[in-house]
Amino acid sequence: MAFLEIRNLSKYFGKTVAVKDFSLEIEKGELVSLLGPSGCGKTTTLRVVAGFEVPSEGQVIIDGKDMTFTPPNQRPVGMVFQAYALFPNMTVAGNIGFGLKIAKKSKEEIEQRVREMLELIHMSGFENRYPHQLSGGQQQRVALARALALRPQVLLLDEPLSALDAKIRVALRAEIRSIQQELGITTVYVTHDQEEALSISDRVVVMNNGRIEQVGTPFQIYNFPQTEFVAQFVGTLNAVIAEVMDVKEGVLRFDGQQVYTADKLEGFRSGDRIMIAIRPERLSFANEGRKANILKGTVKNITFLGSIVRIQVKLGENIFFMDTFNNPYLALPRVGDLTEITCSKEAVLVLQRRS
Amino acid sequence: MRRVNLLAWFVFMLGMIYFFLPLFSTFEFSLRMKKGVYSFEAYRVAFQDPGFYYNFGSSLLWAALTILCSILLVVPTAYWVHWRLPKARPIVEFVTLMPFVIPAVVLTFGLIRLYGGPPLILTATPIPLIAGYVVLSLPYMYRSVDAGLRAIDIRTLTEAALSLGAGWGTIITQVILPNIRVAILSGVFLTFAIVMGEYVFASLLGWPAFAYYLEEIGAMRAYTPQALSLVSFGITWSMMMLIQWIGRGTRGAEQVAAAH
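Residue numbers (our numbering), protein chains in the order written: chain A, 1 to 355; chain B, 356 to 615.
The set of hints was computed from the structure by calculation and includes no laboratory data.
Treat the hints loosely; a few may be bogus.
Stated by the list, open to error - One-sided and incomplete, this derived list gives chain A residues near chain B with beta-carbon spacing under 7 Å:
| no. | residue |
| --- | --- |
| 1 | F69 |
| 2 | N73 |
| 3 | M79 |
| 4 | A83 |
| 5 | A85 |
| 6 | N89 |
| 7 | G99 |
| 8 | I102 |
| 9 | A103 |
Positions of the beta carbon are idealized from the N, C-alpha and C atoms, including for glycine.
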């Protein structure tokens, strides 16, 4: 049985639907990210699990116990907020020990636990500092320690890295993942940053308009998006409307060019218009090795992105992005050159039917 | 540049004269009780009058009770408005501004009418007086507390405390109050200053008060009221300076939150 179970959760604010029929099972020790754009319902879902919102419909079950209407201060849940939410009037030790003090733990036990937590977040010696004396990253680590000090059964993180700069974000997300795995704590992580979700999660739940679009491992989500939204939201994508030419052979056509797909076209008929997508990194120049699909176009732009070079190729009406690893000996075409790009049948993903 | 500086100084000096000249004149006059020589005789006479201590003490008591009632009324209200009813904020703000619109005399007669007869006769107790003072100080107390609450992220702090197992009592006393301490103190001192100088409520409801006493002896004596006016002014000013000192001397949570 799943450790954290959200059953048919719906939440309405007046006439606005924040979450609709959301069901998810999370195993003990698993880290699941809720990923989606602003207003997709991911934070509302997290707040329902935390007990800050009462669901309009559905249930929240933790370790077999129905917690749907349990007040937030009686749930075995720790939470880390985007805005750190450290108590400004308390020291680091005071903040970490706050929950333990409320739980009426002995002074020795509180001190011992605070020391352990500070070691865990690599901040020993910061006990007597106040929040305003810490950097953003340090404050968020203290907030994490504070949430973990009570040994909650479930850890909830609501966009915990959004307020930090890029470098600290990357370092801290690795630290969060490492601590989560070390403690084996069941974790729900809310983020709108796809890279963050893909890099630290066991599974990712992509949400849109209050509903689940897809649940899967980061690998599945990125490589095999099941809906147009997931494909568009996660990673960069070349999406075009193509016409089905041959269902059996998987032949499609767009901009006067023919492509093959390995995806099944069962249920479609010749002449149907469907959305297909190709990831930029699945494309390469045909002169480096030809694959099943060859597309002809004109180079429109070349952008250096550090380790990656992004080339824009105009194929009739559509512009495709193609990513290639940067190296000093890379022979790049010039803007305006005619070129051929290639990809395998497997790289062509069928997303959605368009009549 | 130099010209601008001179002009600024001139305006500043003009303001200082406008502010301090009446004070200085009052002070100078209060020293003239003995003919032909400056002395603190008026102050000695004022402080020797048992009526001064009785009325001043009464005002202190009213101020303390008003402050207590105001805090108990305003802090939870303002907190709840910030935490759960942000849409009600304009309505609450409007209500707190009513004392600026309704004259104290109207308010007092309203209280007398309401509580002077059955079913609830309270005019024999100081309750209407304190209630009146609470209403009078509402704009200052509410706005101070509201400013303090705006400076910290009430919602997130409350939720953080709840997620750590805290109950409402703990949240209010250990999380909210310490972080709006300076704001509450500011409201407290303003309330104190208002109650100490308030005349209409005490005189119409028939309770002893410092301002009422000041008015009474002002009708009979020349120098002592001037001395007492300055004492009253000194108390008010001390309160203001205390707010400044507390606000500057401690790094309040409001400042911390604002810095983030």
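_Proposed interface contact between A/A103 and chain B, which counts if any beta carbon pair is under 7 Å_ = Holds, because the Cβ-Cβ distance from A/A103 to chain B comes to roughly 6 Å (cut-off 7 Å).
_Interface hint check: A/G99, Cβ to nearest Cβ on chain B, cutoff 7 Å. Holds or violated?_
holds, 4 Å
*At a threshold of 7 Å, is the proposed contact between A/N89 and chain B supported by beta-carbon distances?*
holds, 4 Å
*Does A/N73 pass the interface hint, meaning its C-beta sits closer than 7 Å to a C-beta of chain B?*
With Cβ-Cβ at 5 Å, under 7 Å, it holds.
*Quick one, is the A/F69 hint okay against chain B at 7 Å, beta carbons?*
Hint on A/F69: violated, closest Cβ of chain B at ~15 Å, above 7 Å.
*asked:* Min Cβ distance, A/A83 to chain B: is it shorter than 7 Å?
replied: holds, 5 Å
*Answer holds if the nearest beta-carbon of chain B is closer than 7 Å to that of A/A85; otherwise answer violated.*
Since the shortest Cβ distance to chain B is 4 Å, the answer is holds.
*Hint check: is the beta carbon of A/I102 less than 7 Å from a beta carbon of chain B?*
Holds - the Cβ of A/I102 comes within 7 Å of chain B, reaching about 5 Å at its closest.
*Cut-off 7 Å, beta-carbon criterion: hint that A/M79 touches chain B*: holds, 4 Å
In summary, the structure is inconsistent with hint 1 from the numbered list given earlier, while agreeing with all the others.
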